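Assemble chains B, C and D with the ligands onto chain A, guided by the hints.
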Amino acid sequence: MFDAAHSEPGLVCRKIVKSYGSIEVLKSVDLTLRPGTVLGLIGENGAGKSTFNNIIAGVVAPSGGEMVLDGAPYAPQSPSDALARGVALIHQEIRLLPELSVAENLFLGRLPMRGGRVDRASMEEQSHAVLARLGMRIDPRRRVRGLSMARQQGIEIAKALLRDPRYIIFDEPTASLGEADAALIFEQIYRLREDGAGVIYVSHRLDEITTLADHVACFRDGNKVAEWHRMPVAKQDLINAMVGREFTFEHHAPQPSGDRIAMRVDGLGRDGAFGDISFTLRQGEILGFAGLVGAGRTDVVRAIAGADRADTGTIEVDGVKVHAVSPKAAIAAGIVMVPEDRKGLGLNLDRAAAANITLPWERTLQRFGMIRPSDVSEMGGAQRDRFDIRGRMGLPVGSMSGGNQQKVLLAKWLVREPKVFIVDEPTRGVDVGAKMAIYEIIRGLAASGIAVIVVSSELEEVLGLSHRVLVMSEGRQTGILDRKDATPESVMALAVGGKAVRPQLEPSA
Amino acid sequence: DSKPVIGVSVADQKSLFYIAAVDGMRAAAEDLGYELNVQAANNNSRQQIDQVNNLLVQQIGALVFISQDSTAAAAGVKAANRSGVPVIAVDQRPETGSGDLVTYIATDSVKAARDLCTWMFGQMGGKGQIAILKGVLGSTAEIQRTQGCEEALAAHPDIEVVAIQTANWDENEAFKATQNILTAHPDLDAVFGESDAMSLGAAKAARQAGRTDLISVGIDGFPTQLKAIQEGLTQATMAQIPYTMGYMAVEQAVKVINGEGGDIPELQYQDAVLVTGDSVGGVNAADFYGPAANNM
Amino acid sequence: MSELNNNVDTARAAGTGLTMGAGRLFGVIRAVYGAIPGPLLGLILVCVVFSWLSPYFLTTRNFINIFSQVSEIGIMAAGAALVILIGGIDLSVGAVLAVSLMVNAWLYRDFGVPFVLSTLVGLGVGALVGFVNGILSTYGRIQPFVATLATMSACSGIALFVTNGGPVTGFPEWFTALATIRVAGIPLEMIILVSVYLAVAFWLNFRPTGRALYAIGGSEEVARLSGIDTQKVKILVYVIAGLLAALAGLILGARLDSAHPTAGAGDLLSVIAVVVIGGASLSGGSGGMFGTFIGLLIIGVLRNGMALLNVSPNLQPVVIGVAIIIAVMLDRRSQR
Amino acid sequence: MSELNNNVDTARAAGTGLTMGAGRLFGVIRAVYGAIPGPLLGLILVCVVFSWLSPYFLTTRNFINIFSQVSEIGIMAAGAALVILIGGIDLSVGAVLAVSLMVNAWLYRDFGVPFVLSTLVGLGVGALVGFVNGILSTYGRIQPFVATLATMSACSGIALFVTNGGPVTGFPEWFTALATIRVAGIPLEMIILVSVYLAVAFWLNFRPTGRALYAIGGSEEVARLSGIDTQKVKILVYVIAGLLAALAGLILGARLDSAHPTAGAGDLLSVIAVVVIGGASLSGGSGGMFGTFIGLLIIGVLRNGMALLNVSPNLQPVVIGVAIIIAVMLDRRSQR
Ligand SMILES: Nc1ncnc2c1ncn2[C@@H]1O[C@H](COP(=O)(O)OP(=O)(O)OP(=O)(O)O)[C@@H](O)[C@H]1O
Ligand SMILES: Nc1ncnc2c1ncn2[C@@H]1O[C@H](COP(=O)(O)OP(=O)(O)OP(=O)(O)O)[C@@H](O)[C@H]1O
Ligand SMILES: [Mg+2]
Ligand SMILES: [Mg+2]
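Residue numbers (my numbering), protein chains in the order written: chain A, 1 to 509; chain B, 1001 to 1296; chain C, 2001 to 2336; chain D, 3001 to 3336.
For reference, chain A alone in the conformation it holds in the complex (with noise of 0.2 Å):
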């Protein structure tokens, strides 16, 4: 039955095919995965990617094709099955329990035990040591809850390390997290590599595929559509496999702002967060705000848009002072804001699309004095078609693709033009060309007069839009600098300016 190919050590799939109802997710895809190699898989949102790999790591069932782990047929039926077997998932959506302590979440399922009793203390011992590991220091007893996007990602790391893993999957472990962060999860792969374990990495960071992959592989719709086993790769030829027709990046400049005032910001601040925070925005002005994650950009740009308080300061829009006390009057205003946690604050996953995008705008929705399901599912579908939506707006939304779940996000808040608009991490988990049909809106919507603010952990992106960055640093501001005043470098220094002001100590769960 199996050829002689079985007989190496590695993860063979062949023919895996997954189907939902009528619609087919994966169509018969082969690949194999052999030890100390790191397998780059790049696709577009909905290519399937995720689906590959939650059928390696058990988590879902295949509808068809078979597996062969190290000579051995492989068929987990649930995800321990898989970690017996010693293929671990870092999940792409971050899956921890915030109510359970760190080390708690890291041993969950397998506690260590003495005496009869669970072992907290060796369990603290490891976390600490697999955290260090990681470089970061976090109490190993405190709450996930409070702690940012990216120490939750480098736990959810931790997690799958301390299983010992032969296999290991990252599925776009870097997502929300900055190049600091980032490197320190390159440095572990380089370290597992070495190992012995056979790695897979999904990114849509290019850079990062053409830097750790020895092996790539490109889904699209479901097929494998591409694979290099020689490194480098060019990556306009990724790129170009990833959409399937040749594709240009275009590194347009902004075109200029207005001269008018849209917002003013004066003295923002909240006890314990942030403060001192002051700027102008002029229509069709881009303000990025850089800084390193935990900087607090999210916080100020929640109490600009009414999400949090804030305890000082002032904002003005079109000169008429703003009392965003919750986000409604923010909106009455006109500032939105699309958050930076899609799924928890952004979206309803189990609601249809099209209600989705209607729901802040349903108060014009009414004729009559009702709403029609009609009026509904046309605004989605107008919404979908001017933003290239790929899915259906009739069903939730949970089950589209990540990239298009963040199209729907952008589109819901752009029913009726805002006078600012904030998006806080724009593009996590988008791939190349929704990443660039975002750009491009954010530049039209400048150039129809908005002001925006964008939030950015990618220097490069907060770079290549704005037309002024706002650097903070330990929730103070530390700088405003001229697009041309603005380098990685700069950036950079301003990123860490205050650093000293705050103390470096966790804060106690």
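To be clear, the hints were calculated from the coordinates, so they are not data collected in a lab. Remember, it's a predicted structure, so these values are computed and weren't measured experimentally. Fair warning: there could be bad hints in the mix.
[Stated by the list, open to error] Think about it this way: if two alpha-carbon atoms lie no more than 16 Å apart in a straight line, the pair counts; the simulated EDC-like pairs of lysine to aspartate or glutamate are:
| id | chain 1 | residue 1 | chain 2 | residue 2 |
| --- | --- | --- | --- | --- |
| 1 | A | K328 | C | D2229 |
| 2 | A | K419 | A | E316 |
| 3 | A | K343 | C | E2220 |
| 4 | B | K1127 | B | D1100 |
| 5 | B | K1127 | B | D1187 |
| 6 | B | K1003 | B | E1260 |
| 7 | A | K343 | C | E2221 |
| 8 | A | K328 | A | D308 |
| 9 | A | K328 | C | E2221 |
| 10 | A | K328 | C | E2220 |
| 11 | B | K1255 | B | E1030 |
| 12 | B | K1003 | B | E1035 |
| 13 | A | K235 | A | D214 |
| 14 | B | K1111 | B | D1158 |
| 15 | C | K2232 | C | E2220 |
[To be verified] Pulled from the structure, derived: some chain C residues nowhere near chain D, Cβ distances all over 10 Å:
| id | residue |
| --- | --- |
| 16 | I2064 |
| 17 | L2128 |
| 18 | I2158 |
| 19 | W2174 |
| 20 | F2206 |
Even for Gly, the Cβ is constructed at its ideal location relative to N, Cα and C.
Positioned in the frame of chain A, the structure of chains B, C and D with the ligands alone reads:
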């Protein structure tokens, strides 16, 4: 000031029977210059035991005990016995006979139900279809009243019981149950409601269905039922005298406290009074349920 | 062609050697089965069984009976469905029914307040308790279960307290006559019940505030960030639930021509059961008025049918328990 | 230095012109207040009020009363807390208490089964119902509310059915004697209650399966992906809840020397209330045995204290309602 408090534990303070009994007790306490501590147990025998214990903590002089049901009554009586507090049982007493009571004051429920059903069967000419609406299943009153009616049925072979439903002493449930029974048995002649509330519910359902000839009887003698009998909505009830029973209980508790309880009989059955359309003119709700009955 | 294949597949899946024609029939049955919304299937099954067992079941009169028997529970369940939709729960409905009716009757009888006015006050009491529930569970940050447990307890106490536990009788003639009025053969209470469901369903599906309930139930934070005043909407929902409970009290009062302080006390579980059997999830965000109405009829038909069959009162709860499981199992939507 | 500043800030925040010393005192009070876990504060407050109002409250005998009065509800609440922790709910506890006790008494009296054996069968019935609850709400994919509503209904019917509604009396002497036994002055039921809480708390905090409950309650999907057999654990939890309800039934049987088919029927709401007042969230993932025990004592002390004060029975529910709100409001943890 040295007079001890008389503890009262009553099954609940929602149904008229218990309310009237407690009214009677309060009247007696006022007349005799004693203080009462009244606890009501939401129809929960477990909770009632707790309340007896709570009363005993406060060194009461005597306990007037209206148990929620007879099977669980023993625990309360025994607890009082252990603390040396004399017990006057009203309405219910321990089924097994365990525990020492000063006296037991009650309506003979089996007899009341038997007499009432016998009267009703007489009205029907000794034959026809009846339905029985039971109270909360397993409660002592339900069991005894069912038993009484069954005894009467044994003597009337031509009476057919076509439906037995529970309406949990509740008027609205009785209304709905009777609607359904009348649908399935359009020729039904009479309904025996084990309480007045259920009898009233049954009669209202019959009236809604256009069955003005249906006989509906109940037990209790509530003021509302007397009014309904007067209006011809229902036909008869067995009136209990809870107010008097409550008054007697406190009166006798005081006697026991003062060491004069020697001549109290162990068992004091109070006859229920059959009230029908003929006799309703001659009775007054206050006779059974005390002065408060007049504003219900 | 592909449809044909589909049918063949189905037949093969059923493990039978059916011919092409039978396969097609099977496919049609499956399609019909798939098209009927969840709990309705359970209701249909129950109705089929009872009409086969009892000759009285399928009569107009019995159907009118069923509707009138579920009217109070149904009206309370409409409010409860809204509360459950936003992820809350309201334990106080039964007690609100009692207290609003008692206050109404007490003002009318003991203080000579004109009946229309006392009725308005009674409805106001219902709305007020709902308002308190809403305030406690939003600004008070108390879990709805605890908040409404407390108001339930308080309301049932007040209902007893106003008349010291006694019932009140003697509503105006015209009011009690409403209970027997029929419009084109349909009792008024049935008309009220259906109107309430239609009105709430309209609100829930076609008005912005009503639609916001689904958003809040799905994720309150997403709704808030989308500019919905979630606190206000939640309070409104509890007020509506209180008002509907008071309305149910009025219907009960008219039917029995009396107000009982313990009325409605036993209805709580039935009310919530109706909503949940109708397909709503207690964690909020799913469910609706159609499902709730079906849930209501399932409970109503079960109770009615067993009474018609004179099933022993001891066995009725067992049958109801088993029937609920079967009815819900048929609902494939709940099987996710 | 920073601590001092803190205190000054606090004093300033309180809007008073306190001196430094008073500010420090205030800070100490605040620190103590902050250190006491949530619902305990409510309990302390209730106890202080009652010991001030009643001379009988602070007596040993009364304290023993309080504990013995809450023993069955407490034991059922321990199981309910586990179920609520995994995001489920168990409506059947009261009915399980009744059916397990009735089956036990019925086998013993009507079939002459030795009492020890009939007791084991009774406990087995409790476990079995729990197992059915577990299967229905995991593999059956029925919401726990509906599944346990159905088993509750079925159990209460069976409890009535075995003896046709009649209660059973006459347990063996030695068994009813257990209800009055005291070990070092402490009643046996109080010892059982405390032991159950300690055992469950140990399991929950120090055993992997117990810890898994928090994970499942937090997110079942995450727990499953981490290799926890969530279905098995959930079924186990329902079985434990059923067993504990049957154990509570035994205690009740010994105390009342009788088995009643409707025993426990009114306890359901109290049982859930205890858990929720103790700080657990009905959406699962939070709560624990310490909080549940405090919740239990809050309910127990409230009922006991009002009886001691001779509060009118009609007003007691009102006071309980208000007290619950105050007790919960003091719990700052629930205010998130
Ligand atoms: N449970 C499901 N039911 C139906 N369709 C699904 C389901 N899960 C995933 N899909 C669909 O499968 C396709 C592949 O999704 P998958 O998450 O594997 O994409 P991906 O390549 O990981 O994309 P991304 O880069 O955005 O993470 C998508 O079109 C998605 O909508
Ligand atoms: N080192 C840290 N450890 C734990 N929590 C932190 C740390 N730094 C910041 N935080 C938390 O994160 C919040 C600030 O992060 P915020 O998300 O606003 O910053 P950000 O610059 O937007 O970062 P991100 O890129 O993660 O979105 C603070 O309120 C703080 O509670
Ligand atoms: Mg993916
Ligand atoms: Mg951020």
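Taking each numbered hint in turn, which are not upheld by the structure, reported in ascending numerical order?
4, 14 and 18
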